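> These protein sequence lines are chains A and B, in that order.
According to the working numbering, the first sequence is numbered sequentially starting from 1.
According to the working numbering, the second sequence is numbered sequentially starting from 1001.
Honestly, the hints are just simulated from the structure, not real lab data.
On a predicted model such as this, the values are computed, not experimentally measured, just so you know.
One or more of the hints may lead you astray.
As the list claims (entries may be wrong) - The following label-pair restraints were derived from C-beta to C-beta distances:
#, chain 1, residue 1, chain 2, residue 2, range
1, A, G618, B, R1082, 25 to 35 angstroms
2, A, M358, B, R1104, 50 to 60 angstroms
3, A, E551, B, R1104, 46 to 56 angstroms
4, B, V1079, A, Q633, 28 to 38 angstroms
5, A, Q633, B, E1029, 19 to 29 angstroms
6, B, N1125, A, E631, 56 to 66 angstroms
7, A, E386, B, R1039, 53 to 63 angstroms
8, A, E386, B, K1036, 43 to 53 angstroms
9, A, S341, B, R1104, 51 to 61 angstroms
10, A, E24, B, V1106, 36 to 46 angstroms
11, B, D1033, A, T582, 23 to 33 angstroms
Where is the CB? At the ideal position from N, CA and C, for every residue including glycine.
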Amino acid sequence: MAVSGIDSNKLRRAFIEEAEELLEKLDSDLLELENNPEDKDLINEIFRVMHSLKSESAVVGFSSLSNLAHKLEDVFEKLRSGEMSLEQSKMDLILGAVDAVHEMIASIAKGGHGEEIDITEILDELKLLCGETVTSRLESKTLGETKKKQIAIEKIWEFSEFELNQLKEAMERNERFYRLTCTVDPESPMKYARAFLVFTNLEQVVNVIKTIPPFDREVEEDDSYGELVVYLTTSGDDRDIYRATEVDEIQKVELIKLSYDDFLKGGDVKREIRETAEKKAKPRRIEKSSIRIETRKIDELWRLVGELVINKSQIEKLMKNVLSNGMAGELGEYIESAIDSLDKISEGIQQAIMETRMVPIAVIFNKLPRLVRDLSRKLGKQVKLEVSGEETEIDRSIVEALSEPITHLIRNALDHGIEYPEERIARGKAVEGIIKVSAYQEGGNIILQIEDDGKGFDTERIREVAMAKGMIGEEEISENELLKVVFNPGFSTKEEITELSGRGVGMDVVANKIKEQLKGDVNLHTVKGRGTRITIMLPLTLTILQAVIVESGGKYYAIPVRRTEETVEIVNTELIYEAEKTLYNYRGKNIPVIYFDKLLGKRAGKSEDNYGVIISHGNRIACLIVDRLIEEQDIVIKPIDDILNENHIFSGVSILGDGKIVYILDTSTILELS
Amino acid sequence: MKSSYVLFSLGKVKYALRLEEVVQIVKNENILDVPKASRYVIGVMNLRGEVFPVIDLRQRFGLVAEKEDRKKRIIVVKVLNRTFGILVDDVREIVEIEDEKIERSVSSIYGLKESMIDGLVKEGNELIILLNIKEVIESQEEVKVAK
Chain A
1 MAVSGIDSNK
11 LRRAFIEEAE
21 ELLEKLDSDL
31 LELENNPEDK
41 DLINEIFRVM
51 HSLKSESAVV
61 GFSSLSNLAH
71 KLEDVFEKLR
81 SGEMSLEQSK
91 MDLILGAVDA
101 VHEMIASIAK
111 GGHGEEIDIT
121 EILDELKLLC
131 GETVTSRLES
141 KTLGETKKKQ
151 IAIEKIWEFS
161 EFELNQLKEA
171 MERNERFYRL
181 TCTVDPESPM
191 KYARAFLVFT
201 NLEQVVNVIK
211 TIPPFDREVE
221 EDDSYGELVV
231 YLTTSGDDRD
241 IYRATEVDEI
251 QKVELIKLSY
261 DDFLKGGDVK
271 REIRETAEKK
281 AKPRRIEKSS
291 IRIETRKIDE
301 LWRLVGELVI
311 NKSQIEKLMK
321 NVLSNGMAGE
331 LGEYIESAID
341 SLDKISEGIQ
351 QAIMETRMVP
361 IAVIFNKLPR
371 LVRDLSRKLG
381 KQVKLEVSGE
391 ETEIDRSIVE
401 ALSEPITHLI
411 RNALDHGIEY
421 PEERIARGKA
431 VEGIIKVSAY
441 QEGGNIILQI
451 EDDGKGFDTE
461 RIREVAMAKG
471 MIGEEEISEN
481 ELLKVVFNPG
491 FSTKEEITEL
501 SGRGVGMDVV
511 ANKIKEQLKG
521 DVNLHTVKGR
531 GTRITIMLPL
541 TLTILQAVIV
551 ESGGKYYAIP
561 VRRTEETVEI
571 VNTELIYEAE
581 KTLYNYRGKN
591 IPVIYFDKLL
601 GKRAGKSEDN
611 YGVIISHGNR
621 IACLIVDRLI
631 EEQDIVIKPI
641 DDILNENHIF
651 SGVSILGDGK
661 IVYILDTSTI
671 LELS
Chain B
1001 MKSSYVLFSL
1011 GKVKYALRLE
1021 EVVQIVKNEN
1031 ILDVPKASRY
1041 VIGVMNLRGE
1051 VFPVIDLRQR
1061 FGLVAEKEDR
1071 KKRIIVVKVL
1081 NRTFGILVDD
1091 VREIVEIEDE
1101 KIERSVSSIY
1111 GLKESMIDGL
1121 VKEGNELIIL
1131 LNIKEVIESQ
1141 EEVKVAK
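Given these sequences and hints, build the entire structure.
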């Protein structure tokens, strides 16, 4: 079935989305299966995934992928029936085949057909695994017991949803249902051509549901057409069918009437198995009943809700005026209660749409077991991965950006943190190292922790290197301060891998991604010889921000609440004036003062009483002086065009209830300027 | 083949922008100035929830202001998914121009560089410059348009 007539791009996108959803849990399921090879639920689940993948890709015309999924389906069918057991060597082959599936889908996503990936070898190995002969299939062509059994299995499993529907329709049209088997002369050099002729002849006179081998895929080896099985329905004369088979070198023709029930019930059996597989799925697995919505549409909804919220506050303000002027008269009470409901409803919509943007962090965590397995095998280390909090929800817009630093940190922990088995034994540690990955929500933040029980960072070496690079001075600094150096750009380079045992390689990239792109923070805690814990803090969503609105020079600005420590009233006499800078004593510590109007290139205001917002980011802290504090409120972040923000002192803009535009301060840049 | 263009003026010179690039034409109101932005960005405006920069084309072209600001118009354009407001003296009309009337191979004119011009149209003794607005916005080059 080629993709034509329909919008093939749309189909392709839909297919890829579907496939990715199918494969989402496959990797972790497979790894779990490796540990519990007997787990029938898991086998059923994987079988189901392969089956769907096979049918879906066949419908869209990606025959190569469909073939591979088909073979994997066969393997799991055998595992399911207990005909085959699962050993390590088989597991490796299966994982390799699943990798090929991933590669093919990636290639299809890029516009290919999946055929670019060579799977001949994998297919052959899978076929061998299923007990099929690979080079010559002549023997299996004799209608022996095995073949019959195979057909019996195919009877149930081979019919796709689409074909079953066709069958159902034929049944409703009261057509008769047959299986036609034609045997081509084994000596014939052109079995495919003969079989194909029969097939095209049949298509003229009956309704062909399905052929084995199929003709809508790549041509298989000629010998596989030595026997053609055709499932067909017809309301016409049976003689037409025989006439259609009058082709040279067709030796034997067998026409058997079939009962629809056997096959359509087969469909039910299939569904039943599917359903029980779903029912039996362990509760900790996150099952979701869902429909697919393009993220673009959700983003648009989200934007509209932002508008609604702003508009609502405008109306509220106007109505307040109307009410306080007594202009509303008797209607006042009703208006008030109507606005009250409007408020509740819009809040509800906002919450609901925000939730649709959230996905469980499992979408990232599910990839980790495979990563740890492969890497630890490669390195010859023994590592156990413990994952918790995978149900924690994060904004889907950050999934991609977050995935990379997490993988990087796990790699680091495995590569440089966890010791080799002999070293661990020598140190009196358990042979198996442990990497713990956890996620949870705390207030408006998502906290992620990656912890290993490896050798930890060598703080003395960090001190030496940092000093040599001029990143820290001679003065004594706390270990906490010292560890922050690791996140500085250029702290550790590849050349120093051995020296520094590689810890810190790429940490600056990780930190940058988390701080700049994800507006979060990252922290390092390490004990030499005992292990390392890296904590990542992320805002719950990147589009709604709790902000302090301040006024400076007659204009309003927004400061993210999570970057503020406190707001204070400041009398000028409280400030400490030094030659170069002004300081403010905040909780017994002198911190730098930043005059916001000066920062914006305006003259400093003369007002006697100012307000200070204590802002902090990482290890920096300062007192930002503004004219007035307005209020604290949730604002919707809108991106800012680069042309407006060459100095990066703003991270975005927002619109307040009265339609006023406010700039959102980028506290990290501002603190760096202090 | 004909295409539609938005015709506007800056001093005595007439310019045109392709209609597909234009989102809307609005009054010069409610612009919030932006601290520390480049010289010719006069501020931001909010149109149906989208906040975007407004560029004073006079300043961009190195011209002094001649007209009261409040009589000016802002042409909102969308180029490659970025939205901008372009402050111009006056928006005249929407015209249809035959493709073959457009002279494409143009060297610099009035001090405008070749890359900023999409073409020239002569209407009687009037000259209309079809602007490549994307280049005008993105180019870092100083422009000094002759009076």
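> Now tell me if each hint is right for this structure.
Hints versus structure:
1. G618/A x R1082/B: 25 to 35 angstroms: 31 angstroms, holds
2. M358/A x R1104/B: 50 to 60 angstroms: Once the Cβ atoms are compared, 51 angstroms apart, the range 50 to 60 angstroms for R1104/B and M358/A holds.
3. E551/A x R1104/B: 46 to 56 angstroms: 52 angstroms, holds
4. V1079/B x Q633/A: 28 to 38 angstroms: Check passed, 34 angstroms falls within 28 to 38 angstroms.
5. Q633/A x E1029/B: 19 to 29 angstroms: For Q633/A and E1029/B the Cβ distance comes to about 25 angstroms; the hint holds.
6. N1125/B x E631/A: 56 to 66 angstroms: 60 angstroms, holds
7. E386/A x R1039/B: 53 to 63 angstroms: For E386/A and R1039/B the Cβ distance comes to about 57 angstroms; the hint holds.
8. E386/A x K1036/B: 43 to 53 angstroms: This hint holds: roughly 48 angstroms between Cβ atoms.
9. S341/A x R1104/B: 51 to 61 angstroms: 60 angstroms, holds
10. E24/A x V1106/B: 36 to 46 angstroms: 55 angstroms, violated
11. D1033/B x T582/A: 23 to 33 angstroms: 27 angstroms, holds
The structure does not agree with numbered hint 10 stated previously, though it agrees with all others.
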